[in-house]
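Fit chain B to the known structure of chain A by using the hints.
There are 2 protein chains.
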Amino acid sequence: MNSGASEPALIGLDWGTSSLRAFLINGRGEVLDKMFSPEGIMSVSDRNFEAVFDKLIGHWLSAGELPILASGMITSRNGWVETPYEHLPLDADTLARALVTHKTECGVELRFVTGVTTEDESGPDVMRGEETQIIGASALGMSDGVFVMPGTHSKWISVSNGRIEDYSTYMTGEIYAALKGHTILGTLIEDGPFSEEGFDLGVAAGLTSKSHLLHDLFHVRTLPLMGKIEGSMVADYLSGMLIGSEISAEMDNRAAEETITIIGRNDLADRYEIALAAAGLQSRRAPDDIVAMGHFSIARSAGLLS
Amino acid sequence: MNSGASEPALIGLDWGTSSLRAFLINGRGEVLDKMFSPEGIMSVSDRNFEAVFDKLIGHWLSAGELPILASGMITSRNGWVETPYEHLPLDADTLARALVTHKTECGVELRFVTGVTTEDESGPDVMRGEETQIIGASALGMSDGVFVMPGTHSKWISVSNGRIEDYSTYMTGEIYAALKGHTILGTLIEDGPFSEEGFDLGVAAGLTSKSHLLHDLFHVRTLPLMGKIEGSMVADYLSGMLIGSEISAEMDNRAAEETITIIGRNDLADRYEIALAAAGLQSRRAPDDIVAMGHFSIARSAGLLS
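Residue numbers (the numbering used here), protein chains in the order written: chain A, 1033 to 1338; chain B, 1033 to 1338.
In isolation and in its complexed conformation, chain A is listed as follows:
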C-alpha cells in the first residue's frame, strides 16, 4: 500500500462553474502539490475539457498511473460527463459506489464523483461538489452538525454520524449580484471598504424580515434616499439583509443551539461569522482544501488507494 508521506497516491479535481482546483495527494490524504485555473466549466472553449485537464496537470501524470477523482459542476449537463444524482442520506461509501468512470482520448482514466439531490415540500434541491467537501470535513473530524458554504448558491448541510442527512440551497450570492447590478438598488451605492455598520444594520433587518423580503429590500433604496444611512454603507446593508434572511430561514429549519461550521472564502466567511453571531449562533471555520480530503476519503472507500 502506497502510504508514504512524499509519494503521490491520488489526484483530486474540484472543477466548478468558475474555477478548477487540482490536488496531488499522498497516501495519508495530505496535499503534496496543487494547481489552480480560472477555467471553470463555463469558460472552457468548445467544451474541450480534456485540453484544460492535460495542460494543468499533465506533468503529474508522467510519473505513473494514479487514480484521479473529479467533483463539482464538471458532472452537470454543461460539464464533461453528466452523471445522475445520488439521494440522501449518504456518506463516502455511497459516493464511492456511485463513481462514474470515464476514459479520456489519451487513455487516462478519470472517476467522477456524482452530485446529490433532495426534495422538500416545494421542490427539489441539487448540488455538485459540495458533498465532496463535506465528506472531507467529516474525515478531518468535523463530523457532525451544521455546515454553511456561502457563495453564489449558498448551501446549508446537516451531517450526522459522518453522513449527509439534509441540505438546502439559498441563491443569496447570485441574487445580491443581480440586485446590485441590475435594479434601482445599485444606483445609490457608493464604492468603498467593507462597512461593518451597514452590514450589521442589514443583518438585523434580514433576521426580522420574515416573509417580507420583497418589501424590506426597498429600504436599501429609501434609507440612503432619506439620508438615514450613508451611500458607502448601502452595498453592505444589502449584503447583510440577504445573509440575515438566509440565516433566519435556516433557524426555522434547524436546532438553534448548534455550532455552525463555515466553509468558504475568507471575506464571505467573515460576513457569515458576524451575521451568525448577531443571530445568537456560534460558528467555527473549516480549514482550506478539505475537498482534497474528500477525494481521498471517497477514493479509499472505493479501494483505489491500495
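A couple of the hints might just be wrong.
The list makes no distinction among identical chains, and a pair is therefore deemed to hold if it is satisfied within one copy or across any two copies.
[To be verified] Listed next, the in silico EDC-like pairs over lysine to aspartate or glutamate satisfying Cα-Cα at most 20 Å (straight line):
(1) Lys1260 with Glu1153
(2) Lys1087 with Asp1232
(3) Lys1066 with Asp1284
(4) Lys1087 with Asp1065
Quick caveat, the hints were computed from the structure, so don't treat them as lab data.
Below, chain B alone, put in the same frame as chain A:
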C-alpha cells in the same frame, strides 16, 4: 364656474419613470382628450422637461389659461422640480395644500402634486404618483379598503374615509426582471404564451414560502432541471412565486376578508386577480384614467376650478 361638459377646466399630467400621460379634463372631472408619450423622466434628454411638455400638450394651452397639475416621479430628485414628501394620513385637501407651483420659461404655471412617505419598523417607504390615483379612485366612490397597484414597485395602499392611512412597497416587478434577465433562473426559460399552470404552481409556492424566498427561488431552476415543470412554464412560475410571496406578506399585515381593488395594466391585473383568488381574497378592478379624477379632486380642493 366653468362646469360645462365640453369646456376644458384642467390639465393633468401623470409623469412617471417610463411614460407621460396627459389629460384634458372638464369641470365635472371627465376626460375630454388625452395624450401619451414614452418620454418618462429617465428618457428626457438633458432634463429638458419643458420641451417635452410643450411638444405634447402645447396645443391645449393656446385656447387660454388652464390650471395644470403634474404628479409622479416628475417631482423626484431626477425630475423637473424635487418636492418634499407629505406624511400619512392624507387626503385631497392635504395634497392641495402641499402643491408646489413652478413657472416655466415660457411663463406657464404648473402645480406639482408632491409625493408621500411613511415608515415601518425597518425603514421608510416612498411614493410619487400613486397617491393621486388613489385620490381619484376615492372620488369615484371606491373610497375605502385596500388597493394594490402592481408593477415595477408594487404598492399596497389602505384607504379609510377617503384618506390614505398606510401603504407598503414591494419590488416584485423589478426583482422579477433582474432574476429573469441576470441570474441562472433565466437560462431554463422557454418563451411562449402565458402559462396559467406554471403561474398557479408558482403562486401556491409563494403563498407558503414564508421567510424562505432565497431558497424557494432555487426551485425555479431545479423544477425544470428535474423535468417537474416544462420550460414554457418557468417564467410564469417565477412570476407567480414572487406575486404569491407579496400577497402572503400583505396578508400578515392586513385584514384578510376585505375586497382588494386592483389598479393597473390589464395583463398584470389578470395575474393579481388569479393570485388573490388563490389566496382566498376577493378582488375588483378600478377603471382606467383614475389619475385624471385625482388631479381633478386635488385641483378642486385647491380652489383652482372656480
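Evaluation of the provided hints:
{"no.": "1", "hint": "Lys1260 with Glu1153", "in the structure": "between (40 Å within a copy, 13 Å between copies)"}
{"no.": "2", "hint": "Lys1087 with Asp1232", "in the structure": "neither (45 Å within a copy, 50 Å between copies)"}
{"no.": "3", "hint": "Lys1066 with Asp1284", "in the structure": "neither (39 Å within a copy, 53 Å between copies)"}
{"no.": "4", "hint": "Lys1087 with Asp1065", "in the structure": "within (16 Å within a copy, 71 Å between copies)"}
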